[in-house]
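So the sequences go chain by chain: A and B.
Going by the working numbering, the final residue of the first sequence carries number 114, and the count climbs one at a time with no gaps.
Going by the working numbering, the final residue of the second sequence carries number 226, and the count climbs one at a time with no gaps.
In short, the hints are calculated from the structure, not lab data.
Treat the hints with care, as some may be off.
Heads up, simulated EDC-like pairs for lysine to aspartate or glutamate below, C-alpha to C-alpha not over 20 Å straight-line [as the list claims (entries may be wrong)]:
id, chain 1, residue 1, chain 2, residue 2
1, A, Lys22, A, Glu2
2, A, Lys22, A, Glu56
3, A, Lys37, A, Glu5
4, A, Lys71, A, Glu2
5, A, Lys94, A, Glu79
6, A, Lys42, B, Asp202
7, A, Lys42, A, Asp84
8, B, Lys128, B, Asp202
9, B, Lys155, A, Glu79
10, B, Lys155, A, Glu5
11, A, Lys101, B, Glu177
12, A, Lys57, A, Glu79
13, A, Lys42, B, Glu136
14, B, Lys155, B, Asp179
15, A, Lys94, B, Glu173
16, A, Lys101, B, Glu173
17, B, Lys180, B, Asp141
18, B, Lys155, A, Glu39
19, B, Lys134, B, Glu201
20, A, Lys101, B, Glu166
21, A, Lys71, A, Glu5
22, A, Lys68, A, Asp49
23, A, Lys68, A, Glu5
24, B, Lys134, B, Asp179
25, B, Lys169, B, Asp179
Heads up, incomplete: computed chain B residues facing chain A, CB under 10 Å, no partners named [what the hints assert, rightly or not]:
id, residue
26, Phe142
27, Met147
28, Met159
29, Ile207
30, Cys208
Taking CB as the label site, the calculated pair distances span [what the hints assert, rightly or not]:
id, chain 1, residue 1, chain 2, residue 2, range
31, A, Ala29, B, Ser168, 23 to 29 Å
32, A, Gln111, B, Glu201, 28 to 34 Å
33, A, Asp17, B, Lys128, 46 to 52 Å
34, A, Lys42, B, Lys128, 24 to 30 Å
All C-beta atoms in this analysis are idealised placements derived from N, C-alpha and C, irrespective of residue type, glycine included.
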Amino acid sequence: GENVEQHPSTLSVQEGDSAVIKCTYSDSASNYFPWYKQELGKGPQLIIDIRSNVGEKKDQRIAVTLNKTAKHFSLHITETQPEDSAVYFCAASKGAGTASKLTFGTGTRLQVTL
Amino acid sequence: GAVVSQHPSWVICKSGTSVKIECRSLDFQATTMFWYRQFPKQSLMLMATSNEGSKATYEQGVEKDKFLINHASLTLSTLTVTSAHPEDSSFYICSAFRVGYTFGSGTRLTVV
Chain A
1 GENVEQHPST
11 LSVQEGDSAV
21 IKCTYSDSAS
31 NYFPWYKQEL
41 GKGPQLIIDI
51 RSNVGEKKDQ
61 RIAVTLNKTA
71 KHFSLHITET
81 QPEDSAVYFC
91 AASKGAGTAS
101 KLTFGTGTRL
111 QVTL
Chain B
115 GAVVSQHPSW
125 VICKSGTSVK
135 IECRSLDFQA
145 TTMFWYRQFP
155 KQSLMLMATS
165 NEGSKATYEQ
175 GVEKDKFLIN
185 HASLTLSTLT
195 VTSAHPEDSS
205 FYICSAFRVG
215 YTFGSGTRLT
225 VV
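Working from the sequences, and respecting the hints, build out all of it.
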C-alpha cells in the first residue's frame, strides 16, 4: 500500500520567516495530495491540495509543489504568523475526485515564535 | 461550505461499557465516510471506510466486532466502541467525502 513520509517532525521559525515541509510518497498511482492543519484537540482542516496534473498551486501565503518524477511534494508557508502554529499533515490518495483512502504523513509540528 | 458535525467531543466511560460516536454531514450528502484513530502526537490511522447502506470495510488489524460502524443514511455514520478498555482511549475522527474530504472535530474517548 501507499506509504507517505514527512519531514521535519518539528519546525520552529520566527514570525515573518518561511516554513517548508516535505513529503514523499511511494505509490506512483497516487494523484491527489492534500495538506491539513490540525490544532490541538480538533480535527484536521484542509489548507491546500494539488492534483497530479498540476506542478504548483498557490493560495495567498500558502503554496504546494509537486514533483511526480521524484514522488515528492512540499508545503511552503511564507510570512509566517503565530496563528500558523499547529501540526501539519500531508496526505496522498489514488482517486482524485473520488472517495479513495487517504494515507497520511507523520505530521510536522510548526511553531512560529515572535 | 461542507460541514461535518461529530458528537460527543469528549466522553469518559468505564471499562466494559460501550460508547457511540456520531458523525453527521450537515449540509451535504456523503455516500462515503471514514473513521480514523489518532494517538497523542501521532498521525491519523484509518480504521474503516463506511458506505451508506452497506457494510463497512475495515483496515487490517482493526477488530470489526469491537468497532461497530453503521452508515444508515447519507448524512449519518456512527462508530460504537464495544466493551471498551483503557487501551481504546484515543482521539477518534470521522471524515465525510463530497468532492473533497471534510473532517469532524474529533471525539476524545477516555476509558477508565
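Outcome of the hint check:
In summary, the hint linking A:Lys22 to A:Glu2 is supported, as the alpha carbons are separated by about 16 Å, within the 20 Å threshold. Between the alpha carbons of A:Lys22 and A:Glu56 the distance comes to roughly 14 Å, so the proposed pair stays at or under 20 Å and holds. For the proposed pair A:Lys37 and A:Glu5, the alpha carbon gap of about 17 Å is at most 20 Å, so the pair holds. As the CA atoms of A:Lys71 and A:Glu2 are separated by approximately 12 Å, the hinted pair is consistent with the 20 Å bound.
A distance of roughly 32 Å separates the Cα atoms of A:Lys94 and A:Glu79; the hinted pair therefore is violated under the 20 Å criterion. About 19 Å separates the Cα atoms of A:Lys42 and B:Asp202, which keeps this hinted pair within 20 Å; it holds. This hinted pair checks out: A:Lys42 and A:Asp84 have alpha carbons roughly 15 Å apart, not beyond 20 Å. Restraint check: the Cα-Cα separation between B:Lys128 and B:Asp202 comes to about 11 Å, which is no more than 20 Å; the hinted pair holds.
Restraint check for B:Lys155 and A:Glu79: the C-alpha separation of about 26 Å exceeds 20 Å, so the hint is violated. Distance restraint check for B:Lys155 and A:Glu5: the Cα-Cα separation of roughly 15 Å lies within the 20 Å cut-off, and the hinted pair is therefore satisfied. Between A:Lys101 and B:Glu177, the direct Cα distance comes to roughly 19 Å. Compliance with the 20 Å bound is thereby established for this hinted pair. Taken as a hint, the A:Lys57 and A:Glu79 pair is honoured in the structure, with Cα atoms around 17 Å apart against an allowance of 20 Å.
Between A:Lys42 and B:Glu136 the alpha-carbon distance is near 16 Å, which keeps this suggested pair within the 20 Å criterion. Straight-line distance between C-alpha atoms of B:Lys155 and B:Asp179 comes to about 27 Å, which puts the hinted pair past the 20 Å bound. With a C-alpha separation of about 17 Å, the suggested pairing of A:Lys94 with B:Glu173 holds against the 20 Å cut-off. With a C-alpha separation of about 10 Å, the suggested pairing of A:Lys101 with B:Glu173 holds against the 20 Å cut-off.
Under the criterion of a C-alpha separation no larger than 20 Å, the hint pairing B:Lys180 with B:Asp141 is inconsistent with the structure, at around 30 Å. With a C-alpha separation of about 12 Å, the suggested pairing of B:Lys155 with A:Glu39 holds against the 20 Å cut-off. Taking the CA atoms of B:Lys134 and B:Glu201, the gap is near 17 Å; set against the 20 Å cutoff, the hint holds. Of the pairs offered as hints, the one joining A:Lys101 and B:Glu166 holds, with about 16 Å between alpha carbons and a cut-off of 20 Å not exceeded.
Taken as a hint, the A:Lys71 and A:Glu5 pair is honoured in the structure, with Cα atoms around 11 Å apart against an allowance of 20 Å. For the given pair, A:Lys68 sits about 15 Å from A:Asp49 by alpha-carbon distance, which is consistent with the 20 Å threshold. At roughly 15 Å between alpha-carbon atoms, A:Lys68 and A:Glu5 fall within 20 Å of each other, so this suggested pair holds. At most 20 Å may separate the alpha-carbon atoms for a hinted pair to count; B:Lys134 and B:Asp179 meet this at roughly 14 Å.
Of the supplied pair hints, the one linking B:Lys169 and B:Asp179 holds, its CA atoms being roughly 12 Å apart against a limit of 20 Å. A distance limit of 10 Å between C-beta atoms decides the matter here; for B:Phe142 the minimum to chain A is near 13 Å, and the interface restraint is violated. Checking B:Met147 against chain A: minimum C-beta separation of about 9 Å stays under 10 Å; hint holds. Interface restraint check for B:Met159: the shortest CB-CB distance to chain A comes to about 8 Å, inside 10 Å, so the restraint holds.
For B:Ile207, the interface hint holds, since its Cβ comes within 10 Å of a Cβ in chain A; the closest pair sits about 5 Å apart. Taking 10 Å as the C-beta cut-off, the interface hint given for B:Cys208 holds, the closest approach to chain A being about 8 Å. Under the hint 23 to 29 Å, the C-beta atoms of A:Ala29 and B:Ser168, about 25 Å apart, fit the expected range. In this structure the hint that A:Gln111 and B:Glu201 lie 28 to 34 Å apart at CB holds, the actual value being about 31 Å.
With their beta carbons about 48 Å apart, A:Asp17 and B:Lys128 fall inside the hinted range of 46 to 52 Å. Taking 24 to 30 Å as the suggested C-beta distance range, the pair A:Lys42 and B:Lys128 conforms, at roughly 26 Å.
The structure does not agree with the numbered hints 5, 9, 14, 17, 26 stated previously, though it agrees with the rest.
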